[in-house]
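Given these sequences and hints, build the entire structure.
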Amino acid sequence: MVIPATTLANPLRAGPRLARVPEPSILVIFGGTGDLTSRKLLPALYNLALQRLLPPAFAVVGAGRTPMSDDQFRAELREAVATFSRTKPLNEEVWASFAERVRYVSTGSPEGYVDLARTLAALDLELGTQGNRVFYLATPPKAYEPIVRDIGLHGLSRAGGWSRVVIEKPFGNDLRSAMHLSEKIHDVFSEHQIFRIDHYLGKETVQNILVLRFANAIFEPLWTRQFVDHVQITVAESLGSEERGEYYDAAGAMRDVVQNHLLQLLALVAMEPPVAFDAGAVRDEKMKVLRAMRAIGQDEVAERTVRGQYAGGFIEGTKVPGYRGEPGIGTLSQTETYVALKCYVDNWRWEGTPFYLRTGKRLPKRSTEIALQFRSAPHQVFSRDASAGLDPNTLVLRIQPDEGISLKFGAKVPVQGVRIRSVNMDFVYGASFMVDAPDAYETLILDALRGDATLFTRRDEVEQQWRFVDPIVEGWSADQTDLPTYAAGTWGPTEADLLIARDGRAWRKP
Amino acid sequence: MSLVTDQSIWGAPASGVAALERELARMRRVQSAQAADQGHVVARAAVLNLIVHASREVHARRAAATIRQLSQRHPSRAIIVHVDSERPPGFEAALATHCLLPAADAGRQICYEQILVRARGDSDERLASAVIPMLLPDLPTFLWWTGTPPVDQRHFDDLLALADRFIVDSADFARPDVTLQQIARICEGGHGRYGVTDFNWTRITPWRELVASFFDAPTWRALLADVTGIRVGFAVDADGRDIHPSQALLLIGWLASRLGWRPTAALAPSEAGGLLFSMRRADAAEIQVRVRPRFERGLAEGDLSGLRLQAERAGVLTEFVVKRVPGMSHALASVSTDGTLVSSRTIPLPAPSVTDLLGEELTIAGSDRIYEDALAALVRLA
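Protein chains in written order, with this note's numbering: chain G, 1 to 510; chain E, 1 to 382.
Chain E is nowhere near these chain G residues, computed Cβ spacing over 12 Å in every case:
hint : residue
1    : 36
2    : 66
3    : 75
4    : 145
5    : 285
6    : 501
Derived DMTMM-like pairs (lysine to aspartate or glutamate); straight-line CA-CA distance at most 25 Å:
hint : chain 1 : residue 1 : chain 2 : residue 2
7    : E       : 323       : G       : 93
8    : G       : 88        : E       : 360
9    : G       : 88        : G       : 71
10   : G       : 184       : G       : 284
11   : G       : 169       : G       : 470
12   : E       : 323       : E       : 338
13   : G       : 88        : E       : 356
14   : G       : 288       : G       : 463
15   : E       : 323       : E       : 296
16   : G       : 142       : G       : 242
17   : G       : 408       : E       : 138
18   : G       : 288       : G       : 183
19   : G       : 169       : G       : 243
20   : G       : 88        : E       : 209
21   : G       : 408       : G       : 426
22   : G       : 169       : G       : 150
23   : E       : 323       : G       : 100
24   : G       : 169       : G       : 463
25   : G       : 365       : G       : 249
26   : G       : 169       : G       : 284
27   : G       : 288       : G       : 470
28   : E       : 323       : E       : 301
29   : G       : 412       : E       : 23
30   : G       : 169       : G       : 246
31   : G       : 288       : G       : 174
32   : G       : 412       : E       : 21
33   : E       : 323       : G       : 92
34   : G       : 184       : G       : 150
35   : E       : 323       : G       : 126
36   : G       : 288       : G       : 346
No wet-lab data here; the hints were simulated from the structure. All C-beta atoms in this analysis are idealised placements derived from N, C-alpha and C, irrespective of residue type, glycine included.
Okay, structure coming up:
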């Protein structure tokens, strides 16, 4: 973890109780009037203020194309925070004090950035923020490039302090565009200043994967091809494309979920122990996994991948339309809403162990989990009848909802004679710790303000992820057959069941 | 309270550890069966043992209510030891597993187990022997002592020997000036076997946070070497009863231990009530310290009401002020130079309940060196 030396040097911060608060700084949010700002960023900032985790000298500057006064902007944000904050009701005094240091600058006109520079300089002077800035790009992706260019042109990132840029996903839509974008950003920021968001990494339980693996000595020896039969990673959503129709139809499940969240989860599960819990070491190890992933070439697409699109069906008893009937989706859309992959990590630890990944919309329930299924006992001493109820040992890391860890093993049913049944040893995260875990955005914003990039994706990771995904997408687009469908509320197309059944295995029901 | 144990709070009686464990197992089975009827699975979770010592029934009940509220966050086996020295010798153990209703979406219940050990008469020597077999193995043990710990008694030493962490509340001490010194000695004697903490220390965490955050800014941090005075206000009630300012002194002890201040003379009462004394900085310059009682509605006795740190460099006086807004759950933190306000902000400062305090302490394992240093500095002041 990179701790700013100036904060470390505060002798009053010593000890376990006082959290490290970021240095004096200004957060500039581009897309200040957007959905992400009002649903996620501002509620997260307000909750950080409630926990006293923001520095005393701190301001938020919203930038957007719509002309608006500071007061109008504050009023909109107040409304948003009151609606979307995880803590309610709104603490008026804390909000008022926070809002005093909220500004709005319209960057719709050519003078916009001059205004912005002036506003930031005035705040530096007023608050003593010393030119320290975080630029948060919460805009549609096509605006990233021009915004970064303008930040550079107007010298906003060179104001005497440090500056960082936070970029939302999607980062590019293929390898070429991602590389292009990184290069354009590098014109203004160097890599250590760039914080690419994958909000999955901000989740408590995702960070807990690393704690489970590397703070405990008992799991790691089992975490290899010798003991693990295969790994299943599932990111299931019950929602449809909803309001994001236009974006989603252009992206599809592969770009929306597999390229980032699923591959990041795989990297965390498969990585070697890092030498330290810091940005360099953790990301180096993740990168090694991504590089070790066996490519799925166009000729293997049919064998190792399945895509699907949901048709009409039922979710929790309610009738829902098919994908092509959703708002903003064409009736002939060939966009996949479901992906299943069979992957391999070609390294010493995982050679020959399949990683089955799947994600989909309109699956029966919302669930994200990682399951390691272990090999069966090499020799079964109990009779076939006795062990009929015995499943393979499975370690399941549940990411959401109902975060926790469970281990399945066989136990004797208390009757005369031997009858074996699988039982679950269950650790429910919420039951052992505080129920109220911080929101992923709180964690990530705070880390960006502190300059800790451990939970953000580095350029080489993003590019490697695209390098894996691109050939599959190309293979699909070369395929002229209609893509398989599945009824909303089922666990995906039959082809996906066949993908894993061919190996004598079956998908879990998370 | 009556001689009869209230079974609605403490559960059914079971004499002996074996009977007690049998009864707990029976209740777990009943719960599992009931939960299964509703399609749930009861997850038995426990992350710690908590021994609570109470010498009054009312404290025991209050502790039981606190632990019940915390069971969602800290599933535990709670052993409440109620020592009632007025009663004839002998033990009576009553136990109950309490299972809170599951949250609507979770579909799971969380159990915690509450055991009451009620000791009557002279139980000094035998108390620990009743508690030891009830502790769940392999889990950390917290000992929460309500009231003043009797450091000269056998059962105190015996219970402390079981603990990984020892929790007191100096707000409840009969003679804080005396007992805090004893606690400091217990800290020294712990040698890493157990950590010690005080709810009054937990109460001032937000205050320490606010003071520390002034000096995150490098421009202000330099002034930590130039502190010339500190004033701390603490709440008293209207009748002017003498209140020991433990929180205020811990805060000053903390600053002194972190910044290398030394006492120059013993604490002396000031004319206006409270304390007025001086300390020396590392460079031997003098720091005026003033601890003032204030009557303020909405504050518990001894709680901090405000503080002012003064620093002087090159003839410029900079003041760092935190002031609790009376009757509200927030404070104003401001900085001014030579009387001109430089910055000011409103910060949430809710008054924590005992449940909040205990919940916070149960998340910390091991010893808190910063507290031990602050306490040692406080003791040197007296």
